[in-house]
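2 protein chains.
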Amino acid sequence: MNPNLTIDRPTFVTHLECSLTGERYEADRLHGLSRAGRPLLVRYDLAGVQASLSREALTARPTDLWRWRELLPVRRTDDIVSLGEIETPLVPLRRCVDGPDVWVKDEGRLPTGSFKARGLVMAVAMAKELGVTRIAMPTNGNAGAALAAYATRVGIETIVFCPEDTPEVNVREIAMQGARVWRVNGLIDDCGAIVGKGAAEGRWFDFSTLKEPYRIEGKKTMGLELAAQFGWQLPDAIFYPTGGGTGLIGMWKAFDELEALGWIGSKRPRMYAVQASGCAPIVRAFEAGEEHAERWEDAHTVAAGIRVPRAVGDFLILRAVRASGGKAVGVGDPAILKAVDDAARKDGLLLCPEGGATLAAYRDALRTGEVDEEERVVLFNCATGLKYPMPEAPRTLDRHGVIDFDAL
Amino acid sequence: MNPNLTIDRPTFVTHLECSLTGERYEADRLHGLSRAGRPLLVRYDLAGVQASLSREALTARPTDLWRWRELLPVRRTDDIVSLGEIETPLVPLRRCVDGPDVWVKDEGRLPTGSFKARGLVMAVAMAKELGVTRIAMPTNGNAGAALAAYATRVGIETIVFCPEDTPEVNVREIAMQGARVWRVNGLIDDCGAIVGKGAAEGRWFDFSTLKEPYRIEGKKTMGLELAAQFGWQLPDAIFYPTGGGTGLIGMWKAFDELEALGWIGSKRPRMYAVQASGCAPIVRAFEAGEEHAERWEDAHTVAAGIRVPRAVGDFLILRAVRASGGKAVGVGDPAILKAVDDAARKDGLLLCPEGGATLAAYRDALRTGEVDEEERVVLFNCATGLKYPMPEAPRTLDRHGVIDFDAL
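Residue numbers (the UniProt record's numbering), protein chains in the order written: chain A, 1 to 408; chain B, 1 to 408.
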């Protein structure tokens, strides 16, 4: 039904390179981190892409994630896996903010209800292409669900570890979709240590954030989509909930690739990396002028998706934020919860807490003048709000009794 | 960003008519049921649509629900309300069924996570256009959530009544999105009686299924989309979870309108109205050759969305099913739960129970030869599986202890 999934198209990966040292690695091989222990970035023959694909041809395709095939690493069309990776809508906020031009990019519409689907659909397709049969991953919930769904679909075995306080719905969703899932008495990096140990023993392939190079290629489609949706004029500012930061790094990479193709100019949005005050290693490093971020001890926040004490791509996040003229900003849990409540109650949009964090940060930025009311701003809602706790709504009516209609 | 929401386009509503008697009613007025107590259907100047809009022009528009503007009742562009009504993807089932051509139309990707968004976005836009300020509705959960979200967005007050065993997540979602919500010790038609009483007293406008004429116009976009997605060659069979049946009636209406435009031929899919064995009034009437369905007593099923003992559009459902050469079929709860489990575990797709019912019914139909393996079949998954109970996934791992990696 969707030609993006079935038509052979040329691919242009030339090699991978270490994001820290620039050291070159072969394409079409299984890779983890670089020898320097840093993420690998996929590089393309962008002149080849430019010669092969016009903006007009791209625009004529169905709008799902796989329309970007020439800028993605999957070689064989048969290796494409899909659960329907739609282009996510931009939903304007009208009543809960003042600015006239604020859009929520609602990533909760993707398969398994979160933006994690973008990264995992790509990583699983590449794992299939490269012959991986067993994958393990630490997760705060949504990444594990996306991994489970896509891996199940292609028959790859998965083992998933999540912090013990991960919401029950996430853990059950992962299990329902065919993964083996374990709660661990620790945080996501404690889970990551178990995954790393098993990977070192050759038990499975390690799918931790940025430890394999293809999730970022899937996540960069957020940037590609934004460019297309905004008519190739990027917005003025992007507020992005930042844990591991793959999406922010990916969007920044996407913008560079689009500029190389001549599809956008050199103007970039200011990138705002939004963290919770209770776990803000990137904010601390940003404010201290550091290039790397130290582990955040005693991390706590209602926004579990950005409760990431240490990010292996810390320097890439910080570089992108600084180069863009943006900032790393922290918001408290009360402001997050208030933002979620306002967006639902006033605009009918149920955000996840991490999405609420971007709205809270935007409100702060409006207040301090960091962002102008006239600017075109995108807030990322990274998952459906349905996966998160909501306040009780307890009233019951007795249909056999006398109903006081005035009191309803 | 989306021209479908902002560009003025001609509209073609001529009048409404009683679905039973054909009696004519004026357009652009507030209507409930017809004088005969039956649903009203919106009629269009289809020759006018044909002269104004080509299939090619339609195809060039963004694919969301509002692309169909000329076939929808909303007159003023300013009255459009939107939370991003994307064209829902067709996701193939590969591992949990034998047939090579079975697609799930995943309606869980719509705003508020269900196909109810289609009907309610239209009904709320029309309520806004016609000056309604207060709406009440009975719901099994998803319709109430969609109503709350859209009504909140345009500032219309809403009061929602649901059966007391409605899942907590649904009730909370409705409340979060700004509606006043009450549980009632009864089923959906008991809730409907309260809504009817209040409406008769002039307290609010009654938004019950098919009791206002515009939800069906939103729901018919499922049929319009299918035609476009299948390249204007409709599939051979459609399995549709049937409670009130608005969607089935709506799709049938859509196909007739598309044929009148010359965009499709006279071939129709066989329509299978899928009900749960524990609440199957349409199946009983179908098998008895009746034109109307009596109320089903002691209704019970895990698929609460199709736990509708009495449907005001019963005769319209039965007519469409019969005219199409399809059937009304019942499936038991165990088969429903098994289908949900298989789709998740084998294909990575988390269906709602009502979606599971369509898969279970399709499996039965394959077994009995009612449907051929070679036929192109669409199953409707009407809501995200995330809103429904999932089995427990209880294992915890002590990271401080000795981890037996072989047992993971």
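Heads up, a few of these hints could be off.
Which copy is meant is left open, so a pair is good if it fits within one copy or across any two.
[Claimed, not checked] Distance condition first, Cα-Cα at most 20 angstroms in a straight line; then the derived SDA-like pairs of lysine to any residue:
| hint | residue 1 | residue 2 |
| --- | --- | --- |
| 1 | 346 | 133 |
| 2 | 346 | 180 |
| 3 | 338 | 266 |
| 4 | 338 | 256 |
| 5 | 197 | 52 |
| 6 | 327 | 190 |
| 7 | 346 | 48 |
| 8 | 338 | 79 |
| 9 | 327 | 24 |
| 10 | 346 | 134 |
| 11 | 327 | 58 |
| 12 | 197 | 30 |
| 13 | 197 | 402 |
| 14 | 267 | 18 |
| 15 | 267 | 408 |
| 16 | 197 | 79 |
| 17 | 197 | 5 |
| 18 | 346 | 322 |
| 19 | 327 | 167 |
| 20 | 327 | 80 |
| 21 | 267 | 34 |
Derived from the structure by calculation, the hints contain no laboratory data.
(request) Mind listing which of the numbered hints don't hold for this structure, in increasing order? (result) Numbers 3, 4, 5, 6, 7, 8, 9, 11, 14, 15, 16, 17, 18, 19, 20, 21 - these are the hints that the structure violates, sorted from lowest upward.
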